[in-house]
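Letter by letter, the chains look like this.
Number of protein chains: 2
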Amino acid sequence: MDITVAIDCMGGDHGPHVTVPSALDYLHSDPEANIILVGIPDAIEAELRAANSELGPRIRLHPASEVVGMDESPAVALRGKKDSSMRVSINLVKTGEAQACISAGNTGALLATSRFVLKTISGVDRPALAVILPTSIGHTYVLDLGANVDCTAEQLFQFGIMGASLVSSVESKAYPSVGLLNIGEEEIKGNEIVKQAAELLRDSGLNFYGNVEGTDIYKGTTDVVVCDGFVGNITLKTSEGLAQMLATYLREEFNRNLLTKIAGVIAMPVINSFKRRVDHRRYNGASFLGLRGIVIKSHGSADKYAFGFAIKRAADEVRGGMLRRISERVAEFSRHPQLPSKEVTR
Amino acid sequence: MDITVAIDCMGGDHGPHVTVPSALDYLHSDPEANIILVGIPDAIEAELRAANSELGPRIRLHPASEVVGMDESPAVALRGKKDSSMRVSINLVKTGEAQACISAGNTGALLATSRFVLKTISGVDRPALAVILPTSIGHTYVLDLGANVDCTAEQLFQFGIMGASLVSSVESKAYPSVGLLNIGEEEIKGNEIVKQAAELLRDSGLNFYGNVEGTDIYKGTTDVVVCDGFVGNITLKTSEGLAQMLATYLREEFNRNLLTKIAGVIAMPVINSFKRRVDHRRYNGASFLGLRGIVIKSHGSADKYAFGFAIKRAADEVRGGMLRRISERVAEFSRHPQLPSKEVTR
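If you're matching them up, the sequences are chains F and H in order.
Using numbering that gives the first Met the number 0, the first residue of the first sequence is number 0, and each one after it goes up by one.
Using numbering that gives the first Met the number 0, the first residue of the second sequence is number 0, and each one after it goes up by one.
Warning: the hint list may mix true and false statements.
Repeated chains share a single entry, so a pair holds when one copy, or any two copies, can fit it.
[As the list claims (entries may be wrong)] When the alpha-carbon atoms are kept at most 27 Å apart in a straight line, the in silico BS3-like pairs for lysine-lysine are as follows: (1) K274 with K260; (2) K218 with K260; (3) K274 with K218; (4) K274 with K303; (5) K118 with K311; (6) K93 with K218; (7) K172 with K303; (8) K81 with K260; (9) K93 with K260; (10) K274 with K118; (11) K303 with K118; (12) K194 with K274; (13) K218 with K118; (14) K260 with K118; (15) K194 with K260.
None of these hints come from the bench; they were simulated from the model.
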């Protein structure tokens, strides 16, 4: 299936130096993909030259004169930089010239701008940010990861619908299981909002597994894990911190003395194979869900390899018909009697 | 310093089979400790005989005829089992016969019973559960870990005071740094309660570092990390799940074929040394803070080695004068003008 994606070439810590070569590599791997490189022409052309490459029928340049800074306020980016590479990329999705866009830029600005330009799907209160995480038995999708700090039960319910739609469009699973992240202490099973969200999910006809605990994320108990953005963001960043600490410990132990260094050389192929398996770059690319267009957020520090996974995620969502699936399922549930319609359609 | 601790011998997945041998080992390692074994006499005496040991001046038995089940409702345990080993252990703290008690029993029942029997310190709304976690540079204390699902800003503030008091009593740090767990997205820096808690902490005279993110826990950015029990519980359990997944991956990689198995044998001492360093058993023993007595919760699945760390934690808190420190600091802040007194003393 022929698709076109727009790439905000200026976003991220490394800008065109990463995004342009990554786009060129992607074109080789996906012969039915077309790419629009968005950004400052001189900077993009310099990277094309450095890669001994040039524009062509499958890769074209769309100029944008401004760049959103990584620490810039979303409000300033939204109001003041109407010709930023980020905004122009999103505009290309709005006009239909591209079916998705990918940016490694500032998350807050990307969220605010894509919400302003694209608007949310009818029936969705607020967009959510979904990531994919490895598990003992495969991988799982977790949302929200920070787009929404305080959530209502209805919003958590919508995250469940959107997460399930995402998985059914990019994986071969018609009825993905959905878990609601909660705590497992005996007396105190979650706060009021989570309890209400569980009731909505239970009555929804989704494949609702029930409450899951923190341990269930990496066990892979469900295909989708729903939580509010505060919990999701902290959970994800705690995981990053723990993984870094364990990697540091392992390196220190292998560097302790001559004997451990020799053991390290012998074990190197195994350690490298382990590292490849947990390489977070393979999970790069968070999806904004609930917008009238596909927007993928790459990690700001992504390298060429990692950025390629974000492009692939965009392509998978386009080909899987994710937008249509979300719209249909949200519309279906908006008609569902147990949901107060004002909450869902406001 | 001579101390006496009460051990709920019947609690946990393994009961006296773990708690009694662990108590005996502890007495050897701490010549100024005395232990009261609480539970069903026959069961405890059988374990003493199996260990070729007997009661003596430093280890005595206090009978209790009932046992709180691991899945029992806290309300049932509290109202229906007045002679449970858990309750009798807490009573010994109340009467002053012991300065602390340790239980591997059901968390909800332990919290409800110790709160009912011991009461909270004047000025503390609700007790919190604090755990110690390893970091890249040492360790950190995190609270609350599940005792309080919905917290007010004042409660988070009290957790900061109690956490700092705990650290200053068991570590050689007079002014431990306190971080408030929050998210780092650009636009959306935390929910309202966390923002208000940050203001209270900033004006408190505590060594308040400011907001910390999930990654900061394992970096060891601060000595204390404060969060509500919902976030804390999920964070801790997600960490457990991730560590288990990584351990499984590593084992699988070393078992892949004959060559990797040989590499595994050669790397074994390094891997074992790594495992010792991250062994969660060394961090066993969560502290209930804010009660008029010291209560330590051991993990239900703790083995003899792990349970010993919970006993040591109790002893450290008694010797460090933790109760007095918490009372003094809470009283100090209750007089502090910026805190609405009704919130603090209700």
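Practice problem: Pop the pair K118 and K311 into one bin, within, between, both or neither, using alpha-carbon distances up to 27 Å. | Solution: within (24 Å within a copy, 57 Å between copies)
Quiz item: What label fits K81 with K260 when the C-alpha limit is 27 Å: within, between, both, or neither?
Solution: Answer is neither; intra-copy 54 Å and inter-copy 58 Å both fail.
Quiz item: When no copy is named, should K172 and K303 be tagged within, between, both, or neither for a Cα gap of at most 27 Å?
Solution: Answer is neither: 30 Å inside a copy and 45 Å across each miss the 27 Å cutoff.
Quiz item: When no copy is specified for K194 and K260, does a C-alpha distance of 27 Å or less occur within a copy, between copies, both, or neither?
Solution: neither (52 Å within a copy, 48 Å between copies)
Practice problem: Go through the copies and call it for K274 and K218: within, between, both or neither, with a Cα cutoff of 27 Å. | Solution: Both, since 19 Å and 20 Å are each at most 27 Å.
Self-check item: Same-copy or cross-copy closeness of K194 to K274 [CA-CA at most 27 Å]
Solution: Close neither inside one copy (38 Å) nor across copies (38 Å); limit 27 Å.
Quiz item: Is it within, between, both, or neither for K274 and K260, if the alpha carbons may be no more than 27 Å apart?
Solution: Cα proximity of K274 and K260: in one copy and across copies (18 Å, 17 Å).
Quiz item: For the identical chains here, do K218 and K260 meet the 27 Å Cα criterion within one copy, between copies, both, or neither?
Solution: between (33 Å within a copy, 25 Å between copies)
Quiz item: Between K218 and K118, at a C-alpha cutoff of 27 Å, which is it: within one copy, between copies, both, or neither?
Solution: neither (35 Å within a copy, 38 Å between copies)
Exercise. Measure nothing new, just compare the shortest in-copy and cross-copy C-alpha distances for K274 and K118 to 27 Å and report within, between, both or neither.
Key: The answer is neither: 40 Å in one copy and 50 Å across copies each exceed 27 Å.
Quiz item: Is the C-alpha distance from K303 to K118 at most 27 Å within one copy, between copies, in both cases, or in neither?
Solution: Neither. Shortest intra-copy (30 Å) and inter-copy (58 Å) distances fail the 27 Å Cα cut-off.
Quiz prompt | Within, between, both or neither, where K93 and K218 count as close if Cα-Cα is 27 Å or less | solution = neither (38 Å within a copy, 42 Å between copies)
Going down the numbered hints, you'll see the structure goes against 6, 7, 8, 9, 10, 11, 12, 13, 14, 15, while the others check out.
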